[in-house]
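Number of protein chains: 2
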Amino acid sequence: MRPLARRFRWGRSGYLVAGEELLVPHGPVARLWRLLIGRPLATTHEVHERLSKTQALAILSADALSSVAYGPEEIMKVLILAGPEALSLTWLIAAAITLLLAVLVLSYQQTIQAYPAGGGSYTVASDNLGTLAGLVAAAALLIDYTLTVAVSVAAGIAGLTSAFPAAYSQRLPLMVLAVLLLMLANLRGVRQSGMLFTAPTYAFLAGVLAVIGLGGIQLATGGRPAYVPPVPPPVPTHPLTLFLLLSAFAQGCSALTGVEAISNGVPVFRPPEAQNARRTLVAMGVLLGTMVLGISYLGSTIGVVPDPTERETVLSQIARALFGPTWVYYGLQVATLLILVLAANTSFADFPRLASVLARDGFAPRYFQRRGDRLVFSTGIVVLASLASGLLVLFQGSIDRLIPLYALGVFTAFTLSQAGMVQHWRKHRGRGWPLRAAINGLGAATTGVVVGVIASTKLAHGAWLVVVLVPALVLGMLGIRRHYTALARELAAAPGEQLLPARLPPVVVVPVGRLDRPTLAALSFARSISPEVTAVHVADSREEAAAFRAQWDAFGLDTPLVIIESPYRRLVEPLLAYIDAVDRQDRRRPITVVLPEFVPRHWWEYLLHNLTAWRLKLRLFARPDTIVVDVPYHVGVGFEGAAGGRPARSRRAAGETR
Amino acid sequence: MRPLARRFRWGRSGYLVAGEELLVPHGPVARLWRLLIGRPLATTHEVHERLSKTQALAILSADALSSVAYGPEEIMKVLILAGPEALSLTWLIAAAITLLLAVLVLSYQQTIQAYPAGGGSYTVASDNLGTLAGLVAAAALLIDYTLTVAVSVAAGIAGLTSAFPAAYSQRLPLMVLAVLLLMLANLRGVRQSGMLFTAPTYAFLAGVLAVIGLGGIQLATGGRPAYVPPVPPPVPTHPLTLFLLLSAFAQGCSALTGVEAISNGVPVFRPPEAQNARRTLVAMGVLLGTMVLGISYLGSTIGVVPDPTERETVLSQIARALFGPTWVYYGLQVATLLILVLAANTSFADFPRLASVLARDGFAPRYFQRRGDRLVFSTGIVVLASLASGLLVLFQGSIDRLIPLYALGVFTAFTLSQAGMVQHWRKHRGRGWPLRAAINGLGAATTGVVVGVIASTKLAHGAWLVVVLVPALVLGMLGIRRHYTALARELAAAPGEQLLPARLPPVVVVPVGRLDRPTLAALSFARSISPEVTAVHVADSREEAAAFRAQWDAFGLDTPLVIIESPYRRLVEPLLAYIDAVDRQDRRRPITVVLPEFVPRHWWEYLLHNLTAWRLKLRLFARPDTIVVDVPYHVGVGFEGAAGGRPARSRRAAGETR
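Chains as they are written, first to last, in my numbering: chain A, 1 to 658; chain B, 1 to 658.
You may find that some hints are simply not true.
Because identical chains share one entry, a pair is satisfied inside a single copy or across any pair of copies.
Said to hold, decoys possible - When the alpha-carbon atoms are kept at most 25 Å apart in a straight line, the in silico DMTMM-like pairs for lysine to aspartate or glutamate are as follows:
no., residue 1, residue 2
1, K617, E20
2, K53, E573
3, K427, E20
4, K617, D373
5, K617, E21
6, K53, E273
7, K53, D361
8, K617, D540
9, K617, D586
10, K617, E605
Treat the hints as calculated values from the structure; they're not laboratory data.
Just chain A, with the same shape it has in the complex (with noise of 0.2 Å):
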């Protein structure tokens, strides 16, 4: 086959290779895509790249740590429900959150140890408490990935328009850039070691570091000048209950998401890699808690207010109280924003990967699976931009609407992640199993009663969503496999198996509207197919069909022609009717309709044509034992091997319209 070499080269193998420059982008806005995405990549240049313990700190923990940018600020929002008094609970709050933090580190740590390979919440529980529970686990997780990325944009976004106010006007615009901005990002795909992706993660560190050290020192030598907050502290509105401080602790849980990133990602660690993320995890602990604590201390006592505009962030507050607008306050607003940009970009990496391995396990849609031209799952990024993009303009971007959606997803899966650890350590009982078993139930059950506190205190704000959406979610993932478990039954050929008469010649039926060169180019491909060919015209009216009749004999087609009188107009029905019939006289072969169609040089002429050989087609396709054989007739172009046509347009030419 000379041609085939032309386009194809022959691979080592002895299949035809097809090669890049069959992707040769057609058209501007491909060209402008090509760009943006760069060049496709073959599948055997995938890489898998290792991390050190400071780059995975920096990118595995960026989602954890970067909740301080809005965490201690969800506490004081509760608490100054009871009035600016009731601020200097804060730290107690937060207090409870770290210890909370501790059990967490200290149960996490034992699942890098059992599951090497990454130990993500849905694979954790399916192993071990079964699919229902993995599916539940895996629904929270996409409810959370994407909140994830809605929140921390919106966290990020608010932290640069607390720096540069003239932005707060346009900060949903800015918001769905971002998304959009990542989604571009994450579609070319990104290598992550980079220093781009470490510096924010240190930078925001360093400020968050320097800001509690310089507040401390203030704050023990009194040399703190005094803080004049930007709004008012409001007038007191609710009594200071116990269901308060619930609600405080449910809503400054937000600052603990992410923890799990660490457990999720131990093969990307360089070896020895489960020493080596354990140790990470510890750290990732000790500098998060230290932030929390620090924060909301610092914000309780200097007096700063929680603005409800979310106008200036809290942490915004804290550092320009302690350094004025000094390049520091305005360093540290960046790094907020490149950290949580960064944070968000996790979850570009965790959601399309989840929904690959639910799709691999028959659970999503097949294509989530599929990568795309640069070896990511492109339909995962997509939909995730969109999920989020759509949440971000739904709830208008405010962090204080979104995050009481955001915990509950996240505890969820944290619970049924640490059940799965103590049946795994009741299964494989291994030394000191007790302990283990033990220290993984104190995960489960603390997690497990932070569920509770969250979905009690939250419902009414926005989380009665995340319980119905979990149900809904896991009830569609199996509806989804036992969809493509009983097509892949329905479907399943055996060897020999024969479905249509492989030697018998089609019945078929030809539609003429027109006796014109599609028609005619339709009548000598049936033939060419089948000695038994039927025309069949709906006229109109007796006059028309007369006509008709009148002009077939003229053109001695020997094609035998049916005129079907439609006093109704109709052109769709008898035709269906007419096909009913022929097919009861042999019910052994399927019925082959051959339809004469034109191509229009551009699409929009088709809206000039009647759009009832659509509607046939459709009709057609739903009937079973029909072929539907489209003959399209190109104007302009016609057929290049027509023995007395017309090709009007040589090849290369139409070249154009592949």
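Once you have looked at the hints, place chain B on chain A.
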């Protein structure tokens, strides 16, 4: 053919006839629709109604007569900009408009005589001034018909909410609802001769004439009670310039829309048609002139103040001032609503008819010619309803904002029609032709000046839209005609023309993804139509390629298999490149691509499957010389005639999907 007899009957003409039993609606939506629209009507069912003079006056003049409900008010709304005193000029402007009306009646008398078959502006202008003038008139009329629906419905609902202010806040939904009801009624097809269509006009006439009579008596006897308008007179904002007077005149010209309806509709009169039409036209002119003058005079004399928020119409204010909240008043408001709905209804007859004539002449998409189940031009009806609802929503149902667009189109059509009549007389030169030409010349000149006045005073208030739309529509119509002509030339076939080699079996390519039942069915079909079949599989990796080859061999299929390795994970591009290469080997025969497909039980299950098949189909459809064959495998049904297959459900059970 015995089975044919069960579905069709044989007509006397020797053709199969598709009876009404084929059109039994399936499913609840189809049944509800049938209930709303009624049973389909056979083409032979068409009847031509003839109208008596009283009926014709009511039906054909509803549009013109109903303009009294808003015409005088629009004059007053302009004059009051120069202060309440300027309102005393209202009757002067009304007198000028009445004079214009007399000229129009005189002119159209002659059109009736010259075009007894109906002299619409498009016909008269095309006949005498050429295609371009005809198309300009047609475009102006299409816009005018759309505006008639919008303005009449808006004014009708304004009349209703004047009497029942509680409905004011819901006026926009009420308007859209009215348009939808009109659409439904017209899709069903309405007989116009009944009481339903004559009563509202005469009720409205009686009401308005009673108002004028009683008002005249009270003014003459001085027995009129003091009137307090619902809104105080506004502070003057404009000086009383000539421009303002012309502007008021231009707005008032909206009262003359619909005057041409009688001359368009001559054939519906009882014989002697022309004579009856001319008498009706005179009666209409006298009535309309009386009412416009009377209402304008009353409105400016008894102290009515037009309400810019359109809460109470001027006509309602006059009637309420004279009659108080009696049943006469409420009756008039309801009659106003009904006659305006009737006016809108005439556009629902005229717009689709004009569109169908344009389609017949090749200037509009062909489906405007197609008559629906009830013998009406369904497409035109639906398009008109959509456009009118769109206008109402866009302009928030405000008559004030719609009117400036309104009269320009009508008067453009008037001018072209009258100019065409001048040309007509010059060509035919009957008895006394110079006088006749002079009369129509006066009409053309007068209406031409009015076009200038409207354009110059209303351009900034919305008339620019019409000035832009008319040429755009004309260009569009010319483009459509050019497309149809070129296409017909391109597709025309000559007897004996041979486009495809009819006796050579086609070259067949079968893309195969998996070895399942749909694939086996497609392969069987391919072999039944040609001995030259090649199966092509695109593999993502070398391992997958080897596995597929092994499975293929295990199935013992005798079709040659080509495997293409696609390192960039693309499917469509390598397939198309392969088809290109195969096509080059035999240029005479088109390439035939047989696609294995499966049809799931429910349409939404499509969402769970690769959309790649659709993309491939689109690309193949765009490729010249390519015939596409769909072999759909119906899940749960399979193929009935399958030799070794498994017909899971009987054809009866599957019948529902047909």
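Checked hints:
1. Taking the closest pair of Cα atoms, K617 and E20 come within 25 Å of each other only across two copies (22 Å); inside a single copy the shortest separation is 36 Å, beyond that limit.
2. For the homomeric pair K53 and E573, neither the shortest alpha-carbon distance inside one copy (70 Å) nor that between copies (43 Å) is at most 25 Å.
3. Taking the shortest Cα distances, K427 and E20 never come within 25 Å of each other, neither inside one copy (50 Å) nor across copies (71 Å).
4. For the homomeric pair K617 and D373, the shortest alpha-carbon distance between copies (21 Å) is at most 25 Å, but the shortest distance inside one copy (33 Å) is not.
5. When the C-alpha separation of K617 and E21 is checked against a cutoff of 25 Å, the pair qualifies only between copies, where the shortest distance is 22 Å, while the shortest distance within a copy is 35 Å.
6. Taking the shortest Cα distances, K53 and E273 sit within 25 Å of each other inside one copy (10 Å), while across copies they are farther apart (98 Å).
7. Taking the shortest Cα distances, K53 and D361 never come within 25 Å of each other, neither inside one copy (32 Å) nor across copies (78 Å).
8. Taking identical chains as interchangeable, the C-alpha atoms of K617 and D540 lie at most 25 Å apart only when both belong to the same chain, with a minimum of 20 Å there against 32 Å between chains.
9. When the C-alpha separation of K617 and D586 is checked against a cutoff of 25 Å, the pair qualifies only within one copy, where the shortest distance is 22 Å, while the shortest distance between copies is 30 Å.
10. In this assembly of identical chains, K617 and E605 lie within 25 Å of each other by CA distance both inside one copy and across copies; the values are 19 Å within and 19 Å between.
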